[in-house]
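> Sequence:
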Amino acid sequence: MKDLSIVLVLLFLLFLNGCSDFSHKGTAENSKEESSYLDGGFEDEDVLSTCIGSLNDDGYRDSVVVKSADGNTFLSVFFGTKEGEYELFKKYQCEHYWDELVLNIHGDTLSCSGYGISYDFLYLNGDIKLVSYQSFAIGGPSYKLDFEKKKMTLVVEPPFEDIHEYIGDSTIYRSIDIPQDKIPVSYSISDAFNEKFRQYIIYDESFIYSKIEGFVNEINENAKTPKSERVDNDTILLFSEEIKYGDKTFALYMSIDRKGMTPILKAILEKEMCAMLDKENKYVYNNVKDVYDARKGEWLEACDFEHEHCYIDSYFIDKIGGRNDLFTYNIGNYHNDQYSGHGLEEERYVTYNKKTGMSFTWDMVKKEEGLHMLMVEGLMEFFKSENVEDMLLVEKYKKGEYIPFPENPPFIVNEKLVLQFHRYEITDVYVAGCPCSEISLDKVIPYLTAEGKDFLDISTSNVQKIE
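Just so you know, the working numbering puts 845 at position 9 of the sequence shown, and the rest follows in order with no gaps.
It is possible that part of the hints are untrue.
Dumping the calculated EDC-like pairs for lysine to aspartate or glutamate here, alpha-carbon to alpha-carbon at most 20 angstroms [to be verified]:
1. K1132 with E1065
2. K1203 with E1243
3. K1107 with D1070
4. K1118 with E1108
5. K1155 with E1183
6. K1252 with D1226
7. K987 with E1049
8. K1063 with E1183
No lab work stands behind these hints: they were computed from the structure.
Using the sequences provided together with the hints, build the complete structure.
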């Protein structure tokens, strides 16, 4: 219920800012105003509460005074004049006014607040009328009545702790129509502080809680509906579904970076994405949208709202570099189990010729000893080690067994040939990640086949720079 405490503090600060002590002497303005009070037949000690502000939007400060006399309470509204004086606008008899209520004028609104309730009045149609009533007492339901809109706004918060919509530190509000038998006929200050008026502002708690419970059910059902985003243009193809349920997040993301992509490359990579999304090769799809929608159905079935497991699946094809007509993409999928903190990952890098759609493969590189030595040197640099024995490799490689070339085909990034291993391919610890060896292209040229040199469009005397 921290929101209620904040409201009370704010009201107190507003009170300090907007209220004044009219018992002091000094200015002509105060003297004139005080004489107006005395003209009403009251002594200063009868004043319960006072404040100054602007109610009728004429540019002059107005004054409101609450006084008691002969067992009765009166609220007097004085409008300011251009001469700096105050003229009595109206004096309202308030049968049920609490002496604990504090007056405050904020903006053009007059509020009478205290102990978890607030009456808000506006100058309308020649009278000061009640426009809203708020109840935010600690230990009970919180609500606001807007008599202009004839709406009741409920605060949906604890004790309904089974709300599953993720709301962070915010509060959920829901509104209903004020029941017809709870709409007053008139709204003047005297009406609002009449004992009979309580029937319009006091509600049975069982009524309010039944409405809030209904909203809790609605919120929880809506929380299970995925929030979707779909973008399909020349620079990106992106689909996403996300459900936040309590502190859980269920998500399915798919994206293809299309920047600079030719039609032939677009067809190839969207076929790649279809294959990734259709994990079990159940169907043959002609486009990404259809296979994504099918994958979404499988994902929704896996969403278990009643147990601790929740999943985030991400499928992506991201461009990470380019060289002349060559584009290199990171193609992969992450499946994250948020409960265990672990997940599955499949990731690879491929360099394509954007005009032909051909990819760079091991057939274009000679796996000779000289290239192997360059690869091992790159691995030592990756692990920040001076020898093989100190690298995070499986024991057999530390003892001198031949380290194989990676299963992944080589790819080109930053004018370097990159040889990247899968996680656990040559290591046995998770923190080793996906080891890679980066070799400058000018050192790789002797180990390229004729097809490789043609693919890279380089010769032994010319290594072109990356775009």
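> Could you run down the list of hints and mark each one as holding or not?
Okay, the hints, checked on the actual structure:
{"no.": "1", "hint": "K1132 with E1065", "verdict": "13 angstroms, holds"}
{"no.": "2", "hint": "K1203 with E1243", "verdict": "12 angstroms, holds"}
{"no.": "3", "hint": "K1107 with D1070", "verdict": "17 angstroms, holds"}
{"no.": "4", "hint": "K1118 with E1108", "verdict": "15 angstroms, holds"}
{"no.": "5", "hint": "K1155 with E1183", "verdict": "13 angstroms, holds"}
{"no.": "6", "hint": "K1252 with D1226", "verdict": "25 angstroms, violated"}
{"no.": "7", "hint": "K987 with E1049", "verdict": "18 angstroms, holds"}
{"no.": "8", "hint": "K1063 with E1183", "verdict": "27 angstroms, violated"}
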